[in-house]
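Number of protein chains: 2
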Amino acid sequence: MPPLHEIYPCPCSGLLADAYELTMAAGYIQKEFASRASFELFVRNLPPHRNYLVAGGLDQALDFLENVRFCQEEISYLSTLPLFRHVHAEFFDYLKDFRFTGDVWALPEGTIFFPGEPLLRVTAPIAEAQLMETSLLSAIHLQTLIASKAARVTTAAAGRPVIEFGSRRAHGIEAGVLAARAAFIGGCEGTSNAYAGYRFGIPICGTQAHSWIMAHEDEAVAFGNFLDVFPEQSTLLVDTYEVHRAVDRIIALGRKPHGIRLDSGDFLADSLWARERFDNIGWTDVQIFASGDLTEERIQALLGKGARIDSFGVGTALSTSADSPFVGVIYKLVEVQFADHVRGTAKFSEEKKTYPGRKQIFRFSDEGGKFSGDVIALEDEVFSGAEPLLVKVMREGRRLEVVDQDPATTVRSARSRFLADHGRLPARLLALSAATPFQVHYSARLEDLCDQLRFIHV
Amino acid sequence: MPPLHEIYPCPCSGLLADAYELTMAAGYIQKEFASRASFELFVRNLPPHRNYLVAGGLDQALDFLENVRFCQEEISYLSTLPLFRHVHAEFFDYLKDFRFTGDVWALPEGTIFFPGEPLLRVTAPIAEAQLMETSLLSAIHLQTLIASKAARVTTAAAGRPVIEFGSRRAHGIEAGVLAARAAFIGGCEGTSNAYAGYRFGIPICGTQAHSWIMAHEDEAVAFGNFLDVFPEQSTLLVDTYEVHRAVDRIIALGRKPHGIRLDSGDFLADSLWARERFDNIGWTDVQIFASGDLTEERIQALLGKGARIDSFGVGTALSTSADSPFVGVIYKLVEVQFADHVRGTAKFSEEKKTYPGRKQIFRFSDEGGKFSGDVIALEDEVFSGAEPLLVKVMREGRRLEVVDQDPATTVRSARSRFLADHGRLPARLLALSAATPFQVHYSARLEDLCDQLRFIHV
Numbered sequence: 504m505p506p507l508h509e510i511y512p513c514p515c516s517g518l519l520a521d522a523y524e525l526t527m528a529a530g531y532i533q534k535e536f537a538s539r540a541s542f543e544l545f546v547r548n549l550p551p552h553r554n555y556l557v558a559g560g561l562d563q564a565l566d567f568l569e570n571v572r573f574c575q576e577e578i579s580y581l582s583t584l585p586l587f588r589h590v591h592a593e594f595f596d597y598l599k600d601f602r603f604t605g606d607v608w609a610l611p612e613g614t615i616f617f618p619g620e621p622l623l624r625v626t627a628p629i630a631e632a633q634l635m636e637t638s639l640l641s642a643i644h645l646q647t648l649i650a651s652k653a654a655r656v657t658t659a660a661a662g663r664p665v666i667e668f669g670s671r672r673a674h675g676i677e678a679g680v681l682a683a684r685a686a687f688i689g690g691c692e693g694t695s696n697a698y699a700g701y702r703f704g705i706p707i708c709g710t711q712a713h714s715w716i717m718a719h720e721d722e723a724v725a726f727g728n729f730l731d732v733f734p735e736q737s738t739l740l741v742d743t744y745e746v747h748r749a750v751d752r753i754i755a756l757g758r759k760p761h762g763i764r765l766d767s768g769d770f771l772a773d774s775l776w777a778r779e780r781f782d783n784i785g786w787t788d789v790q791i792f793a794s795g796d797l798t799e800e801r802i803q804a805l806l807g808k809g810a811r812i813d814s815f816g817v818g819t820a821l822s823t824s825a826d827s828p829f830v831g832v833i834y835k836l837v838e839v840q841f842a843d844h845v846r847g848t849a850k851f852s853e854e855k856k857t858y859p860g861r862k863q864i865f866r867f868s869d870e871g872g873k874f875s876g877d878v879i880a881l882e883d884e885v886f887s888g889a890e891p892l893l894v895k896v897m898r899e900g901r902r903l904e905v906v907d908q909d910p911a912t913t914v915r916s917a918r919s920r921f922l923a924d925h926g927r928l929p930a931r932l933l934a935l936s937a938a939t940p941f942q943v944h945y946s947a948r949l950e951d952l953c954d955q956l957r958f959i960h961v
Numbered sequence: 504m505p506p507l508h509e510i511y512p513c514p515c516s517g518l519l520a521d522a523y524e525l526t527m528a529a530g531y532i533q534k535e536f537a538s539r540a541s542f543e544l545f546v547r548n549l550p551p552h553r554n555y556l557v558a559g560g561l562d563q564a565l566d567f568l569e570n571v572r573f574c575q576e577e578i579s580y581l582s583t584l585p586l587f588r589h590v591h592a593e594f595f596d597y598l599k600d601f602r603f604t605g606d607v608w609a610l611p612e613g614t615i616f617f618p619g620e621p622l623l624r625v626t627a628p629i630a631e632a633q634l635m636e637t638s639l640l641s642a643i644h645l646q647t648l649i650a651s652k653a654a655r656v657t658t659a660a661a662g663r664p665v666i667e668f669g670s671r672r673a674h675g676i677e678a679g680v681l682a683a684r685a686a687f688i689g690g691c692e693g694t695s696n697a698y699a700g701y702r703f704g705i706p707i708c709g710t711q712a713h714s715w716i717m718a719h720e721d722e723a724v725a726f727g728n729f730l731d732v733f734p735e736q737s738t739l740l741v742d743t744y745e746v747h748r749a750v751d752r753i754i755a756l757g758r759k760p761h762g763i764r765l766d767s768g769d770f771l772a773d774s775l776w777a778r779e780r781f782d783n784i785g786w787t788d789v790q791i792f793a794s795g796d797l798t799e800e801r802i803q804a805l806l807g808k809g810a811r812i813d814s815f816g817v818g819t820a821l822s823t824s825a826d827s828p829f830v831g832v833i834y835k836l837v838e839v840q841f842a843d844h845v846r847g848t849a850k851f852s853e854e855k856k857t858y859p860g861r862k863q864i865f866r867f868s869d870e871g872g873k874f875s876g877d878v879i880a881l882e883d884e885v886f887s888g889a890e891p892l893l894v895k896v897m898r899e900g901r902r903l904e905v906v907d908q909d910p911a912t913t914v915r916s917a918r919s920r921f922l923a924d925h926g927r928l929p930a931r932l933l934a935l936s937a938a939t940p941f942q943v944h945y946s947a948r949l950e951d952l953c954d955q956l957r958f959i960h961v
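Protein chains in written order, with this note's numbering: chain A, 504 to 961; chain B, 504 to 961.
Just chain A, with the same shape it has in the complex (with noise of 0.2 Å):
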């Protein structure tokens, strides 16, 4: 068996990273500019139809943050590039010890946050912040991105349970199993991604394709078959040639599966039309799941209806939250620590401007204890009565206690404080279409700084 890297990108390769990140990073180790910077990642908008957004991803860019280097052939490969044809051996001896020694501050996973507010906070020597960048905003984009669609699905599906389905369709094999993680910080029960189960404790649930009916001879006798190998777990497909005919083959055989799955047709007449038919025999508890095509605005609007559906399967646009495939995070330079001064970095192009200085999150809640308002200050701003949200997570390279825990431990409490920050969501925000924003303040001594600063800029 060839070596893993050969098969698939390493995971924990310095070279996974744009190739500014290296240029930068060749000009300041060249330049000797040695200075400790503070990068700030978030989110500059809210995507379409969103109210808010759920923390994810932290875990695996702490893991790459610790795992990163630079091998020998990779250090080879870019310096026989024309691109870093003039750039000095330092450079690649730099490369050759290369360990990420920095500081970060983060948002635990699952916490709701909004537009403008920093997620994660990276201080280190201002070339290993910078080579940094990519596979930081990689890694918390794909879960936050997917853990934030989970959100909306869950939320729709008021209380039934719902299944992250969507594996095959995810962007590669990696962007699956980590889809099932942010779907699960998202509220969702379980997955059907096997390694998510067994890599992150995830529940997974499985039950049968059409290929499964279709290689029998007869459906009455593939129902049987996998009666027999799973007598309590069955969840029968109905839809392979036609749900009424085939949930009267299953009456017909007498054995009451778990369940049984629609994955096309009416959902909302076929399963009012089998709760009955079941119900009528006295199979009250058998479950009916839905699958195929599923959406949040089609689950809302299916339970609006009175389907009698049970529990939802959701693939595709749950795990490539198709309807805004993507965030648009940014990690941005906002302070550089100098021998003798720290100055603040922003950025004023007019669709693009930025907030510099170190930043930390306060938020305020009403005496019912929902969420109320939030201010981004400068981290050592005090504001009585709000709680601070960025935690520090990593201190020099080596990830804090606060955050070493086993990976079933981590996704699990990362679920419990989205599903405790929801509960806390001024109610109008659970809507599935855009509300009246959440308050969400910039503090006057941060304002004061970006106007000082553009002044020296003009």
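Where hints are given, some of them may not hold.
For chains that are exact copies, the list does not tell them apart, and a pair is met inside one copy or across any two.
Stated by the list, open to error - Under the rule of at most 30 Å between Cα atoms (straight-line distance), these lysine-lysine pairs were calculated in the DSS-like manner: (1) K534 with K856; (2) K856 with K895; (3) K599 with K895; (4) K759 with K855; (5) K759 with K856; (6) K855 with K808.
No wet-lab data here; the hints were simulated from the structure.
Starting from the known structure of chain A, arrange chain B on it as the hints suggest.
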């Protein structure tokens, strides 16, 4: 350093599957259903605005098939799940020695194809073929999606180089690397992803970020420092504060850069203005590069209005295929080979009909060499003058010579195949909006077989 599989998904775990594949495999093993079966992977419909698709991801799919295994810990995990409580030990023994031993036919990467056309066919003992479903779909889906999107973007750029820039918002770190690979197949000239350069020999392109400018007190010093390190290859980012002032600062330095990069603002006006400024001092070869929220439509509009942009960096829209972030790939059982007969299989539910039998695609061209129509037929049919597109790529679990090349050669061949196919498409299909579809028919024998089967299942 922890073993890689503790950090990221093991790239060849058999658990990288939807759980129903495992339950069905358990059913086939326990019921001694050992027939060989054929599954075909195809796309039901074109995504919105698409007129054709580009096959990608085969090399990664074959890597998976050659290397897939179940380790003892994974098998123990499965055997202790409540879902598998009643499954006999022979299934877990089967997994211990599991190897994929099947045959595979596929469209070579870079081939242009249409809905209904199989891009991959697996023939293997039914449990084996079933277990590979999700990983094959996932591997083929991502790169087919992105190569197809890249084809639109590079078509819009009308010969001007396009660089893939989207790793940070691709769906995870693996997706970033593989999106770079797929975008190259779909006609991009390069990528910003350094690992994709290292792993697949794709040209990489690196400029500088706003952080480089912001880290310096003075924009002109930032430009000068970068030119010191990259005297021949500097593409200077000019929109951190104000584009015109930045261009004037570069000119005042008196050191001609390779190019400038516009990343926000009015690309049309700024490119015309900068082009004139540079031309006036004889810097006619300074390249103007544009990036920032670009799409194929925006590129086409900019060039239509006469923007003086020499090359484009396209990120999020390309690497997530944002306007249409999935393709409806499916993997359907088409035939089961019993000891004494072969039976075609199909699904007749109204929305989701499939055709039985092992198929081949036959492509016809007109006298000018342009593609004129395809026939999807049974594999033993013959159509004189037409080119059969599916190629045998794997026999008994080992890849054949036709696809056994180094990763860089493979990706370059795929790109050449795409460019050749693209040059033979009817002109109407090159539009960015939906055109009259390309003619694809099922053969009369295939329609007959389908009708016979439907009759059996009525």
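The hints, checked one at a time:
1. K534 with K856: within (28 Å within a copy, 64 Å between copies)
2. K856 with K895: This pair counts as within: shortest intra-copy Cα distance 26 Å, inter-copy 54 Å.
3. K599 with K895: within (28 Å within a copy, 43 Å between copies)
4. K759 with K855: between (60 Å within a copy, 28 Å between copies)
5. K759 with K856: Answer is between; shortest inter-copy Cα gap is 29 Å, intra-copy 61 Å.
6. K855 with K808: So K855 and K808 pass the 30 Å test across copies only (25 Å; inside, 44 Å).
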